[in-house]
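I would like the entire structure built from these sequences, with the hints used as guidance.
Protein sequences, first through last, are from chains A and B. Each number in this note's numbering comes from the position in the first sequence (counting from 1) with 72 added on. Each number in this note's numbering comes from the position in the second sequence (counting from 1) with 114 added on.
Among the hints, a few may not be true.
Distance condition first, Cα-Cα at most 35 Å in a straight line; then the derived DSBU-like pairs of lysine-lysine [said to hold, decoys possible]:
no., chain 1, residue 1, chain 2, residue 2
1, B, Lys-179, A, Lys-129
2, A, Lys-129, B, Lys-205
3, B, Lys-131, A, Lys-168
4, A, Lys-129, B, Lys-177
5, A, Lys-111, B, Lys-155
6, B, Lys-204, A, Lys-235
7, A, Lys-100, A, Lys-261
8, A, Lys-103, B, Lys-205
9, A, Lys-277, A, Lys-261
10, B, Lys-179, A, Lys-111
To be clear, the hints were calculated from the coordinates, so they are not data collected in a lab.
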Amino acid sequence: MARLNVNPTRMVLTSLKKKLAVASRGHKLMKDKRDELMKRFLELARKNKSLREEVEKQLAEVYGNFTIASAVMSSQMMEEALMYPKQGVSIEVGEKNVMSVDVPVFEFTTTTDDLTNIYPYGFASTSGELDKAISRLSEVFPVMLELAAMEKEASLLAQEIEKTRRRVNALEYIMIPQLEETIKYIKMKLDESERGNQTRLMKVKDMMLEQAIRQKQAETAASLQEFKEQG
Amino acid sequence: MYKIGVIGDHESVLGFKAVGLNGFPCADSTEARRILHRIAKEDYAIIYITESLCKGMIEELDKYKDVRIPAIIPIPGMDGSYGIGMQNVKKSVERAVGADILFGNDEREKEGR
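Spelled out as C-alpha cells, the structure:
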C-alpha cells in the first residue's frame with residue numbers, strides 16, 4: 073500500500089493520527105448507515121415487486137375491458153365519450169426523509185367530490201362495458217400512484233446505497249490503510265533518527281571522556297616529571 | 115400542484131384521459147422521447163410510459179432515475195407487458211446490493227435449472 077507523501081515529523085504524525093481517528097469513526101458510521109439503508113431497501117424492493125405484479129395484472133384487466141368496450145362501440149363514439157374528462161387529478165408532492173434521503177410522497181386529489189359519478193359521458197350512447205372499464209381504472213389508479221412513489225423511493229435509495237458503499241470501501245481499503253501505513257512510516261523514521269541521535273551522543277561522550285583521560289594522563293606525566301627534576 | 119402524465123399509444127392513453135390524467139398519445143419512441151423531455155420540464159410529478167415505448171428509450175429513463183421529480187414509471191400498454199417495469203426494479207436491486215438477490219429464484223425456475 074502506498075503511503076502518503078509527507079514529511080516525517082512529529083507534527084505531521086499528530087495530525088495524521090487525528091485524521092485516522094476521524095476516518096475510522098466515519099467508516100463505522102457509514103457502515104451502519106449502509107446496513108440500515110440496505111435493510112430498508114430490501115423490504116421496499118420486495119413490496120415494490122409484488123405491487124408491480126398487482127398493478128400489471130389489474131391494468132391488463134382494465135385494458136381487456138376497454139377492448140371489449142371498443143368492440144361494442146364504434147371508435148368515434150368512444151373517442152367522443154372520453155374526450156372531455158369530468159374529473160381532473162392533481163397531486164401534491166410531499167417529502168419523506170428515509171435515512172437522510174429525500175423521497176417524494178404523492179398525494180392525489182380529484183376535482184370532483186362525487187366518487188360514484190366519474191363517467192365523463194351520458195349513458196345514452198355508450199355501452200356498459202365502458203362504464204366497467206372506467207370504474208376499474210379509477211380503482212387501479214391509486215395503486216398505480218403508490219407504485220410510482222415506491223419505485224421512485226427504491227431507485228433513490230439504491231443510488232444512496234451505491235454512494236455509501238463506495239465511501240465505505242474507499243475508507244476501508246484506501247484511506248485507512250494509507251493513513252496507517254504513513255503513521256507507521258513516520259514512527260519508524262522518528263525512532264530511527266532518535267536512535268541516530270542517541271549513538272551520536274554516546275560517541276561524543278566517549279570522545280570527550282577519552283580526551284579527558286588523555287589530558288589527565290598528560291597532567292600526571294607532567295607533574296611526575298616535575299617531581300623527578302626537583303628530586 | 116403537480117400533474118400526472120401518461121405517454122403511450124392511442125388506445126392505452128384513452129382510458130387514462132377519462133379518469134383525469136393528462137394523456138399524450140404518440141406513435142413511436144422518437145416522438146415519445148420528445149414529449150417526455152418537454153413535459154419533464156413542466157410540473158409533472160409522475161409520468162407513466164407504456165412499455166412498448168420504453169423499449170426504445172431506456173437511456174432517457176435512466177436520466178431521470180436519480181432526480182426526485184418526475185418519477186417515470188413504465189406500465190404495460192394495450193399490447194401487454196414486456197417486463198420492462200420489473201427489469202427496472204431488478205436493476206435497482208442490483209445497483210444497491212451488487213447482485214440480484216430478489217429475482218434470482220424466478221430466473222432459475224424459468225431457465226429450468
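To see whether the hints hold, each was checked on the structure:
{"no.": "1", "hint": "Lys-179(B) - Lys-129(A)", "result": "holds (24 Å)"}
{"no.": "2", "hint": "Lys-129(A) - Lys-205(B)", "result": "holds (21 Å)"}
{"no.": "3", "hint": "Lys-131(B) - Lys-168(A)", "result": "holds (29 Å)"}
{"no.": "4", "hint": "Lys-129(A) - Lys-177(B)", "result": "holds (28 Å)"}
{"no.": "5", "hint": "Lys-111(A) - Lys-155(B)", "result": "holds (34 Å)"}
{"no.": "6", "hint": "Lys-204(B) - Lys-235(A)", "result": "holds (18 Å)"}
{"no.": "7", "hint": "Lys-100(A) - Lys-261(A)", "result": "holds (30 Å)"}
{"no.": "8", "hint": "Lys-103(A) - Lys-205(B)", "result": "holds (23 Å)"}
{"no.": "9", "hint": "Lys-277(A) - Lys-261(A)", "result": "holds (24 Å)"}
{"no.": "10", "hint": "Lys-179(B) - Lys-111(A)", "result": "holds (21 Å)"}
Hint violations for this structure: none, all hints satisfied.
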